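Colleague: Chains as they are written, first to last, in our numbering: chain A, 65 to 354; chain B, 2 to 294; chain C, 7 to 260.
I should point out that these hints are in silico values taken from the structure, not numbers from a laboratory.
Errors might be hidden in some of the hints.
Capping the alpha-carbon separation at 16 angstroms, the derived lysine to aspartate or glutamate pairs in EDC-like fashion look like this [what the hints assert, rightly or not]:
1) C:Lys227 - C:Glu36
2) C:Lys34 - C:Glu226
3) C:Lys154 - B:Asp167
4) C:Lys154 - B:Asp86
5) C:Lys114 - B:Glu278
6) C:Lys201 - C:Glu235
7) C:Lys71 - C:Glu131
8) C:Lys205 - C:Asp219
9) C:Lys23 - C:Asp62
10) C:Lys23 - C:Glu36
11) B:Lys143 - C:Glu131
12) C:Lys206 - C:Glu243
13) B:Lys143 - B:Glu268
14) B:Lys143 - C:Glu102
15) A:Lys95 - B:Asp86
16) B:Lys277 - C:Glu153
17) C:Lys154 - C:Glu102
18) C:Lys206 - C:Glu131
19) C:Lys227 - C:Glu195
20) C:Lys227 - C:Glu253
21) C:Lys205 - C:Glu175
22) C:Lys154 - B:Glu278
23) C:Lys34 - C:Glu175
24) C:Lys177 - C:Asp69
Chain B is faced by these chain C residues, among others (derived, beta-carbon under 7 angstroms) [what the hints assert, rightly or not]:
25) Leu121
26) Thr124
27) Phe128
Just so we're clear, the structure is a prediction, and the values are computed from it rather than from any experiment.
Virtual Cβ for every residue (Gly too), placed ideally from N, Cα, C.
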Amino acid sequence: MSLQILVNGIATGSVYALIAIGFALVFNILKFSNFSYGATMTVSAFTAYFLVASKGFGLIPTLLVSATAGAIVSLFGEFVGFRRILLNNSPTTYFFVSSITLATLYEGLVTIKVGASFFRYPDFFSVSTLNFAGTVISKSDIIMFIISAIALGILAVIIQKTRIGRALRAVSFDREAAQLMGINSTLIIQITFVLSGIFAGLAGCFLGIKYTLTPTLGSLVVKGFISSVIGGLGSLVGAVVGAMLLGIAEAICLKIFGSGWATIVTFAIMLLFLLIRPQGIAGSNVQEKA
Amino acid sequence: MALFINVLTQVCITLVAVCGIYVLTGLTGMFSLGSAAFMAIGAYASGLITIKLGLPIIVSFILAILMAVVVGFVIGLPVVKLRRDYISLVTLGFGESIAQLLIQMNYLTGGANGLLGIPRKVKWPIALASAIVSITLVAMFKRSKYGRQCIAVKSDELAAEAMGIDSSRIKMIAFLLSCALTAFAGCLYSFYMGYVDPGIFGWKKSADWVIMVFFGGVNSLTGSIFGATILSALPQFMRSLRDYRYVVYAVMVVLIINFKPNGLLGEWELTPTHIKETFKKIKNKFNRNSKES
Amino acid sequence: MALLEIRNIYKNFGGIKAINDFSLVANKGEIHGIIGPNGAGKTTIFNTVTGIYNADKGEIFLDGKDITNLPQYQITRLGIARTFQNIRLFSGLTVEENILCAFDFMCKYNLIGGLFPTKLRFKEEKRARELCRNYLEIFGMLEYINEKPENLSYGNQRKVEIARALMCEPKILLLDEPAAGLTPTEVSELTDLLKYVSKKFGFAVLLIEHRLDLVMSICEKIHVLNFGETIAVGTAEEVQNDPKVIEAYLGVEE
């Protein structure tokens, strides 16, 4: 029984992890919550649907298209919405406002194309579920878990082992100092948005598979916020850990409380963390300077 | 004509809420994504009190606003001590929880179907009068020592504390005032529509209001009102454009944020001082141009 | 009983001993100087006294009352006002409003007055504005009363900041490098102003400065800091001839 909950939780958690990591990447480097992330997921998922999935291609092409779309949209957002704010050194609130407006824009565009109806990705998998140790696991969940793990693994390698990754870490620590050390901060920020967009595409696609494709898919980005808060805002590892914990917590709450209360409980968990341990589990940086 | 009256009423109700958001975000610099939840409290509470207890509308309004202020106080206690960046997430959490909670309380609030059967007593004169009263109150607030302290805390909290300002207290006052105004807007809303639709009180609504304030001029009450009027009226008049109107809306805002980040009106206020200044500037420009020719 | 008594305070940041056993006693009307090379801990002392930091060890007494770990705004209300090394005027407020802010905690009307035009509000606002004009007149800044601070020259911004601190009606004024960035004329103007103001209002002044001409000319007692330690305390004469001070500033001859 509880193993089933655990399995469900991990499955959801792995999708949340993709949401959380894309969100955390931008938070890490620019120190603000990119509220357009959810809408980016939506646009990518729909683009992939219309260009690829509805035409009969399989999972991998769909994912690739979705990831690419996400990267492009994300880059566009950075240029249109955030570049000037960065250059003007405006206070962080402007980022929020800009990102929310972008979200409205993206969702508006999707709604124009799609109306209020919802779509489903075609079934990518032949046999849909597996039975294992008394629990039921859907094949799609397994594949999504594996792909998430691979994507996260690649990201980890990039961040830890490559020059770009080092530059990324430098810029997130202190943008101006990094600039003075010869790192092209603007380029690094663009790269971060591209990475974030790729994850948005993957996440959007998976959410489309797991649930349905609607223009409001993006509101699930809240799970990304919550995961990041639990794991520690600004920490990439924390985002993933937080996402897993959130997935499992949600599965448990769903069982005990039902779906309505489960939402409230998950928010309550987030609030508890914010108020009692704002650094989250990973307990990362950003102290108030005197 | 009927469309115009409808739009006017709805815009006025939005203006009441936006006054609250101006106090919270424009004056004090706190970015809240849970303000719509207070509108929900105002709407549901006033509706329920009238329907179930049969009390006169004025009483329902007052009780509903009081309730919102009490809830606001409880939420405000941690919020005013938090770092700026976290305030948006905490208010998001509270806002969504409250909105969801109201839906869960099926037996009382009608759940996902909403609360029905509220007498539609609010028409455009009341809405307009409420908007004017709210704007006046906030203008008075801004010119008072409270407004000054809010702006000081927003500008430099450390220096404000060094000048003897209790920043937690002033933030709480601003927060409670905004809760009261948003709840008032909620009361007006429910007695105008006759029902309460639970789905509209999420973070998107709160975000819409913040965008209106920034669009018109985050540092200016006049600007915020102006921005709110444009952004809430326009979609109504653009109905023929159907879904494109959101795109137009978003594009407008993005342009302003990029090219005029202080909003359409910047810091300009509709006060004698500012009007005189503007006239002087126009006169100077005119003189310079005529001298050159 | 002394007006301000700082007793053996210590402040560490991680492994760095920013303040290592600092003490000071100031009485009404006295002007004390705190000097030392950059990084010696001078601003940290101000920050600890005014409540931005909490002292790790030691006590601070104002008029006999222990203010050691009180929140910033309470310390200000008890009678300590300060200016900042990097001028911190409030943007979004005019010069007048900036100064009025410092008086607001003494302003007697409440939220009712804040929202409605009550008589008390008019009375208090009038009182505050008059006081503000007084201070601006003393500093010769009355013409800038409705200007935005960012439009003023650096020297004028300094004056506004000091006027704002005075509006708190402090018993002790802490000035953090008030002469930084000023031309020699402005410095001598400032020196005269400080002398005048401290005699007229009778408070104690603690002055952090690098401009030794200013310090030596108006300070009765000077504390010299280096790496958090107090290396000399005395009058201008005594401190100028102290070998340890000379070594700290100029180095030792090989």
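Colleague: Do the alpha carbons of Lys206 (chain C) and Glu131 (chain C) lie within 16 angstroms of each other, as the hint requires?
Modeller: Since the Cα atoms of Lys206 (chain C) and Glu131 (chain C) sit roughly 24 angstroms apart, the hinted pair is violated (cutoff 16 angstroms).
Colleague: So, Phe128 (chain C) near chain B? Judge it on the closest CB pair being under 7 angstroms.
Modeller: Because about 11 angstroms separates Phe128 (chain C) from the closest Cβ in chain B, which is outside the 7 angstroms limit, the hint is violated.
Colleague: Would you mind confirming whether the straight-line C-alpha gap from Lys23 (chain C) to Glu36 (chain C) stays at or under 16 angstroms?
Modeller: 28 angstroms, violated
Colleague: Check the hint pairing Lys206 (chain C) with Glu243 (chain C) against an upper bound of 16 angstroms on the C-alpha distance.
Modeller: 26 angstroms, violated
Colleague: Going straight from one Cα to the other, do Lys143 (chain B) and Glu102 (chain C) come out at no more than 16 angstroms?
Modeller: 15 angstroms, holds
Colleague: Is the straight-line distance between the alpha-carbon of Lys201 (chain C) and that of Glu235 (chain C) 16 angstroms or less?
Modeller: Given pair Lys201 (chain C), Glu235 (chain C) is violated - Cα atoms ~28 angstroms apart, limit 16 angstroms.
Colleague: Checking one constraint from the list: CA of Lys227 (chain C) to CA of Glu195 (chain C), max 16 angstroms. Satisfied?
Modeller: 21 angstroms, violated
Colleague: Holds or violated: Lys154 (chain C) with Glu278 (chain B), Cα cutoff 16 angstroms?
Modeller: Cα-Cα ~14 angstroms, so holds.
Colleague: Holds or violated: Lys23 (chain C) with Asp62 (chain C), Cα cutoff 16 angstroms?
Modeller: Roughly 10 angstroms between the alpha carbons, so the hint for Lys23 (chain C) and Asp62 (chain C) holds.
Colleague: Lys277 (chain B) and Glu153 (chain C) were given as a pair; does the straight-line alpha-carbon distance stay at or below 16 angstroms?
Modeller: 15 angstroms, holds
Colleague: For the pair supplied as a hint, Lys227 (chain C) and Glu253 (chain C), confirm whether the alpha-carbon distance does not exceed 16 angstroms.
Modeller: Measuring from Cα to Cα gives roughly 20 angstroms; hence the hint is violated.
Colleague: For the pair we were handed, Lys205 (chain C) and Asp219 (chain C), check the Cα-Cα distance against 16 angstroms.
Modeller: 20 angstroms, violated
The structure shown violates the earlier hints numbered 3, 4, 5, 6, 7, 8, 10, 12, 18, 19, 20, 26 and 27.
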